[in-house]
Amino acid sequence: MDLPANRMFRVKLASLVLMVFASWGLTSAADIRVADLPDDNGTALKLTWDLSNIDSTLTLFRSSLPETNWTPVGEFDEPRGSYVDRGLSRDSLYIYAFRLHSGLVLSEAAQPRASVLNRARVNQLLILAIFFALVLLYIKLASRGKHFFVRRIAGLRAIEEAIGRATEMGRPVLYVPGIDDLNNIQTIASMVILNDVARLAATYETPVIVPVCKPFVVPVAEEAVRQGYLNAGRPELYNPDNVRYLSDEQFAFTAGVNGIMLRERTAANIYMGSFFAESLILAETGFSAGAIQVAGTANIHQLPFFVAACDYTLIGEELYAASAYLSREPKLLGTLKASDVAKVIIIIILVAGFIAETLGWHTFADWFAAR
Amino acid sequence: MKNEVPVVVAFFTGMLMVVSLFIPHPVVSTPASVVRQWAIIITAFAYVLGVANIARISLHNVKRRQRDWQYKAALVFALATMATIGIALGIESGGVFDWIYLNMYVPMQATMFSLLAFYIASAAYRAFRARSPEATFLLVTAAIVMLGRVPIGEKIWSGFPGLTEWIMEVPNMAAKRGIMIGAALGAISTGLKMILGLERSYLGGD
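Sequence order for the protein chains is A and B. The opening position of the first sequence corresponds to residue 1349 in my numbering, with each subsequent residue numbered one higher. The opening position of the second sequence corresponds to residue 7 in my numbering, with each subsequent residue numbered one higher.
Misleading hints may appear alongside valid ones.
Here's a subset of chain A near chain B, in silico, CB distances under 10 Å, partners left out [claimed, not checked]: (1) A1383; (2) S1400; (3) S1404; (4) L1484; (5) D1528; (6) I1629; (7) A1631; (8) F1635; (9) A1637; (10) A1646; (11) I1694.
With a Cα cut of at most 20 Å, we get these calculated EDC-like pairs of lysine to aspartate or glutamate [claimed, not checked]: (12) A:K1488 / A:E1612; (13) A:K1679 / A:D1589; (14) A:K1394 / A:D1425; (15) B:K69 / A:E1456; (16) A:K1494 / A:D1688; (17) B:K78 / A:E1423; (18) A:K1394 / A:D1439; (19) B:K8 / A:E1570; (20) B:K161 / B:E171; (21) B:K78 / A:E1597; (22) A:K1394 / A:E1423; (23) B:K182 / B:E171; (24) A:K1394 / A:D1384; (25) B:K78 / A:D1596; (26) B:K182 / A:E1423; (27) B:K78 / A:D1589; (28) B:K8 / A:E1571; (29) A:K1494 / A:E1612; (30) A:K1679 / B:E171.
Rather than coming from a laboratory, the hints here were simulated on the basis of the structure. Note that beta-carbon positions come from the ideal geometry of N, C-alpha and C, so glycine has one too.
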C-alpha cells in the first residue's frame, strides 16, 4: 500500500534532515542500496553495501520513517555484502544506517511492496497449468464415454485375495493407514482405499481393525469404514470400536499395532499410507505372525522394507491410482490417464534436457530449476 | 447438502492454497495464512476426539472383562496418570511429568526402535536368498554396497567405495527419481480430484 501524499512529503523531509545531520562526518548514502525484495508478500527489503575502506565490524541499524527510532539489525564483518531484512510492515517506509567511527552511513528510504506474481515460480505454475489442463481434458473424454486401458496392479488385486483368506480363517483384517496426519496426501489416498477394503470385508462379514496414529484421522477413518459397510449393504456389521486411536507417538503406536497383530491374530495386514522407521517393525511382526501382507507407500526409503517383508507392495504412484483402479469410475480413470500422458511429456523433457546439457546449452535445464 | 457443502469448502480452500503458492500478495497470502491457522486449531481439537475414542474403547473392554482387558486397564491408568500430572504439576523440564517421560517412555521407545536392527537382519536374509536371477543380482549389489560402506571393504579391494558410490548415485538414484516423479504426479492428481470433488468417498455417505 502506498503512503498518502502529505505523509510522503513528511517522510522525504525527515530523510533529508537525517541525511544532513549524518553528513557531518560521513560517507555518501550511495554506499548502501536498499530495494524491495521481489516476488514476496511485501514484508522484506534487500540491502547491498560496499564500504571497501572500512575494516572494522559494521553494525546495521534500521528505522521506520518519519519518526526515527534506530534498532540494531545485525553485525557484519565484510565491508561488501548483502542482507535481506524480513518481517517488515508493508505500510512503512524504512531507512538503514551503518554506524562507523567517523559517523553514520545512511541509505535511501525504501518501502516494501507486495508482488502480484512470484516470478521465480512461473515455471512451476506453467507445468501445473498444463497438468491441470490434461486432467480436465481426460475427464471430459471419459465423460463422453471414451474407454481407457489401465494396466493390472497386482497389489490391489491382492487385497481381495487377502480379505478372502482372512474370511476363510475366521480372523480379522488389519488396515494401518500410515502414521502421518490428514494433511499428507498419502493418508487421504489411504482413506479412499480403506473405504473399498471395508466394503469388501463387509461383503465377506469379516471385521476390519483400523489402528490410527493421529487423532484427526479418526473421524475420517470411521466415516470411510462406515460408508464401506453401507455400500456393501451390511451397515449392521459396522463396529465403531474397530477404528482405534492408539497414540500420537511413533513407537508407542508401533507397539500397539504389533500387540493387535499378535493378540487378535489378524490374518491379513494391509499397510497403506505414509510410513517411516516403523515400517519394517510392523511388516516383520506381521510376517512372523503368518499374515498375508499388502503394503503401499510413496515414501521411497520405506519401499525396500515393505518389498522385503510383504507379499505385495504398491510402489509410489500405484497408491494414488488405487481409487480409480478399484472404483473403475470413468472420470477417475481419466485422471489416471492424464498422469500417464504427463509422464510421457516428462520423459520427452528429460531426453531434451540430456541433449541440451550434453551440447552445453544450460538455459533449458535452468528454466526447470525449483526456486 | 451433507456432501455438497464439504466439497465447496474443499474447492475454495484447496484453490486458495494452490494460488497462494504463486501469488504472494496479501490479498491471497493473508486468507491462506488464516486458513492454515484454522487447520492447526482444528487439529488441536481433534485430540479430544482421540482421547474420547481411546477411553471409550478401553473402558468398554475393561467393564466387560473382555479378552486381555488388563492391557486396556494399564493403558487407561497410564493415560489418566500422565494427564493428571501434566495438568496439576505442569510439563516443565525437570518436573515429574518430564521425569516419567524421560525415564519410562523414552527407554521403551528406544527399545522398540532397537528391534529394527534384528528385523533388518531377518528381512535381509529372506530378500537376499539367491532363488532367482533377480534375487542373485540384488544379493551381489547389496554385498558390494555393504562392503563399500565399511572400512574392511576398502582393505579387501580399494575399488569398493567408488563402486558403491556409483551404484548409489547412478542406477539407484535413477530408479528413485522415477518413483518420485510418478508419486508426485499421483499426489497432484489426487489433490485435484479432491479439489474438484471427483473423489468423495472420504466424506462418507448421506
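Structure-based check of each hint:
1. Hint on A1383 of chain A is violated. Least Cβ distance to chain B is approximately 16 Å, over the 10 Å limit.
2. Nearest Cβ of chain B to the Cβ of S1400 of chain A: about 34 Å, over the 10 Å cut. The hint is violated.
3. Because the beta carbon of S1404 of chain A sits about 37 Å from the nearest beta carbon in chain B, more than 10 Å, this interface hint is broken.
4. The beta carbon of L1484 of chain A comes within 8 Å of a beta carbon in chain B, closer than 10 Å, and the hint placing it at the interface holds.
5. Taking 10 Å as the C-beta contact cut-off toward chain B, the hint placing D1528 of chain A at the interface is violated, the least distance being around 12 Å.
6. The beta carbon of I1629 of chain A is positioned within 10 Å of a beta carbon in chain B (closest approach about 6 Å), and the interface hint is therefore held.
7. At its closest, the beta carbon of A1631 of chain A sits 8 Å from a beta carbon of chain B; the interface hint therefore holds under the 10 Å criterion.
8. Using the Cβ-Cβ criterion of 10 Å, the hint placing F1635 of chain A at the interface with chain B is satisfied: the shortest such distance is roughly 8 Å.
9. Hint status for A1637 of chain A: violated, given a least beta-carbon distance of 13 Å to chain B, over 10 Å.
10. Because the smallest distance between the Cβ of A1646 of chain A and any Cβ of chain B comes to about 4 Å, under 10 Å, the interface hint for this residue holds.
11. Look at I1694 of chain A: its Cβ gets to within about 6 Å of chain B, closer than 10 Å, so that hint holds up.
12. Simply put, K1488 of chain A and E1612 of chain A have alpha-carbon atoms about 47 Å apart, too far for the 20 Å limit, and the pair is violated.
13. Proximity of K1679 of chain A to D1589 of chain A is assessed by CA-CA distance (about 34 Å); at most 20 Å being required, the pair is judged violated.
14. Note on K1394 of chain A and D1425 of chain A: the hinted pairing holds, with a Cα-Cα distance of about 18 Å set against a maximum of 20 Å.
15. For a cut-off of 20 Å, the pair hint linking K69 of chain B to E1456 of chain A is broken: about 75 Å separates their Cα positions.
16. For the proposed pair K1494 of chain A and D1688 of chain A, the alpha carbon gap of about 16 Å is at most 20 Å, so the pair holds.
17. About 58 Å separates the Cα atoms of K78 of chain B and E1423 of chain A, which puts this hinted pair outside 20 Å; it is violated.
18. The suggested pairing of K1394 of chain A with D1439 of chain A holds, with an alpha-carbon distance near 17 Å, which does not exceed 20 Å.
19. The suggested pairing of K8 of chain B with E1570 of chain A holds, with an alpha-carbon distance near 16 Å, which does not exceed 20 Å.
20. Using a Cα cut-off of 20 Å, the hinted pair K161 of chain B and E171 of chain B holds, with the two alpha carbons roughly 17 Å apart.
21. Of the pairs offered as hints, the one joining K78 of chain B and E1597 of chain A holds, with about 18 Å between alpha carbons and a cut-off of 20 Å not exceeded.
22. A threshold of 20 Å between alpha carbons decides the hint, and for K1394 of chain A with E1423 of chain A the separation of about 16 Å falls inside it, so the pair holds.
23. Proximity of K182 of chain B to E171 of chain B is assessed by CA-CA distance (about 15 Å); at most 20 Å being required, the pair is judged to hold.
24. Only pairs whose Cα atoms come within 20 Å are accepted, and K1394 of chain A paired with D1384 of chain A is accepted, the gap being roughly 6 Å.
25. Between K78 of chain B and D1596 of chain A the alpha-carbon distance is near 17 Å, which keeps this suggested pair within the 20 Å criterion.
26. Pair hint K182 of chain B plus E1423 of chain A does not hold up; C-alpha atoms about 43 Å apart against a cutoff of 20 Å.
27. At roughly 13 Å between alpha-carbon atoms, K78 of chain B and D1589 of chain A fall within 20 Å of each other, so this suggested pair holds.
28. Annotation: proposed proximity of K8 of chain B to E1571 of chain A holds, straight-line Cα distance about 13 Å (limit 20 Å).
29. Distance hint between K1494 of chain A and E1612 of chain A is unfulfilled; the C-alpha atoms sit about 46 Å from each other, more than 20 Å.
30. Note on K1679 of chain A and E171 of chain B: the hinted pairing is violated, with a Cα-Cα distance of about 44 Å set against a maximum of 20 Å.
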